[in-house]
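Sequence lines, in order, name chains W and X.
Take 1 as the starting number for the first sequence in my numbering and just add one per residue.
Take 1 as the starting number for the second sequence in my numbering and just add one per residue.
Everything labelled a hint here was simulated from the structure, so no lab data went into it.
Warning: the hint list may mix true and false statements.
Unchecked claim - To be clear about the criterion: a stretch of chain W counts as covered by chain X if any three or more of its residues have a C-beta under 8 Å from a C-beta of chain X, and this derived list gives those stretches: (1) 24-35; (2) 47-60; (3) 64-73.
What the hints assert, rightly or not - 20 Å max Cα-Cα, derived DMTMM-like pairs, lysine to aspartate or glutamate: (4) W:Lys96 <-> W:Glu82; (5) W:Lys30 <-> X:Asp190; (6) W:Lys107 <-> W:Asp87; (7) X:Lys83 <-> X:Asp149; (8) X:Lys72 <-> X:Asp138; (9) X:Lys210 <-> X:Glu192; (10) X:Lys163 <-> X:Glu124; (11) X:Lys83 <-> X:Asp138; (12) W:Lys30 <-> X:Asp87; (13) X:Lys72 <-> X:Asp133; (14) X:Lys188 <-> W:Asp13; (15) W:Lys107 <-> W:Asp29; (16) X:Lys188 <-> W:Asp23; (17) X:Lys72 <-> X:Glu115; (18) X:Lys98 <-> X:Asp75; (19) X:Lys210 <-> W:Asp92; (20) W:Lys30 <-> X:Glu192; (21) W:Lys95 <-> W:Asp122; (22) X:Lys163 <-> X:Asp60; (23) X:Lys188 <-> X:Glu124; (24) W:Lys30 <-> X:Asp149; (25) X:Lys188 <-> W:Asp29; (26) X:Lys188 <-> X:Glu106; (27) X:Lys72 <-> X:Asp109; (28) X:Lys210 <-> X:Asp161; (29) W:Lys30 <-> X:Asp133; (30) X:Lys210 <-> W:Asp29; (31) X:Lys83 <-> X:Glu115; (32) X:Lys210 <-> W:Asp13; (33) X:Lys98 <-> X:Asp149; (34) X:Lys210 <-> W:Asp60.
Model, not experiment: these values are computed from the prediction.
Cβ atoms here follow ideal geometry from the backbone N, Cα and C, with glycine treated the same way.
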Amino acid sequence: VPQLAAQVFPGHDTSAPVNYAADRIELQDKQNRVVLSGSVDVRQGDLRLQAARTVVNFTDAGSLQIQRITASGGVVVARGNERATGDVAVYDFNKKIITMSGNATLKRGNGDTLRGGRFVIDLKSGVSSASGGRVSGTFTVPKQN
Amino acid sequence: MSVEAIKIRNRRRHFAAPGGSHDRLIAFLAKALPALIGLVAAVMILVPLSPRGEISFLLDRNKVAVTTERLKVQDATYLGQDKNGRDFRVTAGTAVQKSAATPIVEMLDLAALMELQDGPARVEAPRGAYNYDTEKIDISGPVAFSAPDGYRMTTRNVAVDLKQKVAVGSGGVEGAVPTGTFRANSMKADLENRTVTLEGNARLQMTPGKMRIPK
């Protein structure tokens, strides 16, 4: 499986407060779940995730721990000048990774774009790797003049 | 005997002589007094029956002065049952019911205690209006809902339906639950299943690591 790594989203704090905005939010305390629908806009620090629908799973034993955010429906994950898009994204707070799948693309500020079946964005190192199926990428090389 | 004594005797004789003034008086009284007794007896009998002399009176309910504050109760308690037949109680520091026509009781520092599947729950508010027909409390201002194991919801201006165990708010709601703080145009909270549904540019903030609100 070809691996294409690209430096993106370096050093993101996954325990920062998370703000949600949506047309409809349903908090289900007993299922430890929050279901959001209708132009969902999730922000954490300078990471921003937009989608049609998202589900947030958390645990509430001693203190609140968000386990996972699953977004679907035209997902856009943006941070700084980098944007990743796909059909489905899963933000795993424990592993600190975002997995984009379904004709995922990753555009970087300098014009590089990466396309592939599946993307894994590692928030700790900021390295994202595409895997699964055809992977194609277009890179702009800075001109040495 | 002396002349005066004779005179006195003559006067007494004349006075006592039959047909004298005294006899006429006694004769008259002998007739007048029984007649008077009859008359008084007649009056005693006839007067109450005659319509004119109505001694009793009728209190006309409409004319009597009605107090505006129909009922003011200190430490009031209202009991009721929810749709599953479980009891609930609404207690209040002071409760004022404007009039018997409206079953709404304005309450100050009210508390509703109810039974949920997983234990007793409380709704507390400094001010609210309890309608004991529909068994709903219209809360104006802050309200705190607390359920077993530390689940707490604080919000404002909601209507709590004690029968259905649902609290709804519209026209801009905001509040907090263990999961986080929220804001929206309208809200529907199912107290039994502990779900809060926010509609209309809803906002939620979750802070990982925040301690669950202690019980």
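We went through each hint and held it up to the structure:
no.	hint	verdict
1	24-35	holds (count 8)
2	47-60	holds (count 3)
3	64-73	holds (count 3)
4	W:Lys96 <-> W:Glu82	holds, 18 Å
5	W:Lys30 <-> X:Asp190	holds, 11 Å
6	W:Lys107 <-> W:Asp87	holds, 15 Å
7	X:Lys83 <-> X:Asp149	violated, 24 Å
8	X:Lys72 <-> X:Asp138	holds, 19 Å
9	X:Lys210 <-> X:Glu192	violated, 24 Å
10	X:Lys163 <-> X:Glu124	holds, 17 Å
11	X:Lys83 <-> X:Asp138	holds, 19 Å
12	W:Lys30 <-> X:Asp87	violated, 23 Å
13	X:Lys72 <-> X:Asp133	holds, 18 Å
14	X:Lys188 <-> W:Asp13	violated, 33 Å
15	W:Lys107 <-> W:Asp29	violated, 37 Å
16	X:Lys188 <-> W:Asp23	holds, 14 Å
17	X:Lys72 <-> X:Glu115	violated, 28 Å
18	X:Lys98 <-> X:Asp75	holds, 17 Å
19	X:Lys210 <-> W:Asp92	holds, 19 Å
20	W:Lys30 <-> X:Glu192	holds, 10 Å
21	W:Lys95 <-> W:Asp122	holds, 8 Å
22	X:Lys163 <-> X:Asp60	violated, 40 Å
23	X:Lys188 <-> X:Glu124	holds, 18 Å
24	W:Lys30 <-> X:Asp149	holds, 11 Å
25	X:Lys188 <-> W:Asp29	holds, 14 Å
26	X:Lys188 <-> X:Glu106	violated, 23 Å
27	X:Lys72 <-> X:Asp109	holds, 14 Å
28	X:Lys210 <-> X:Asp161	violated, 31 Å
29	W:Lys30 <-> X:Asp133	violated, 31 Å
30	X:Lys210 <-> W:Asp29	holds, 15 Å
31	X:Lys83 <-> X:Glu115	holds, 11 Å
32	X:Lys210 <-> W:Asp13	holds, 15 Å
33	X:Lys98 <-> X:Asp149	violated, 38 Å
34	X:Lys210 <-> W:Asp60	holds, 9 Å
Figure legend: structure checked against the earlier numbered hints; hints not met, in rising order: 7, 9, 12, 14, 15, 17, 22, 26, 28, 29 and 33.
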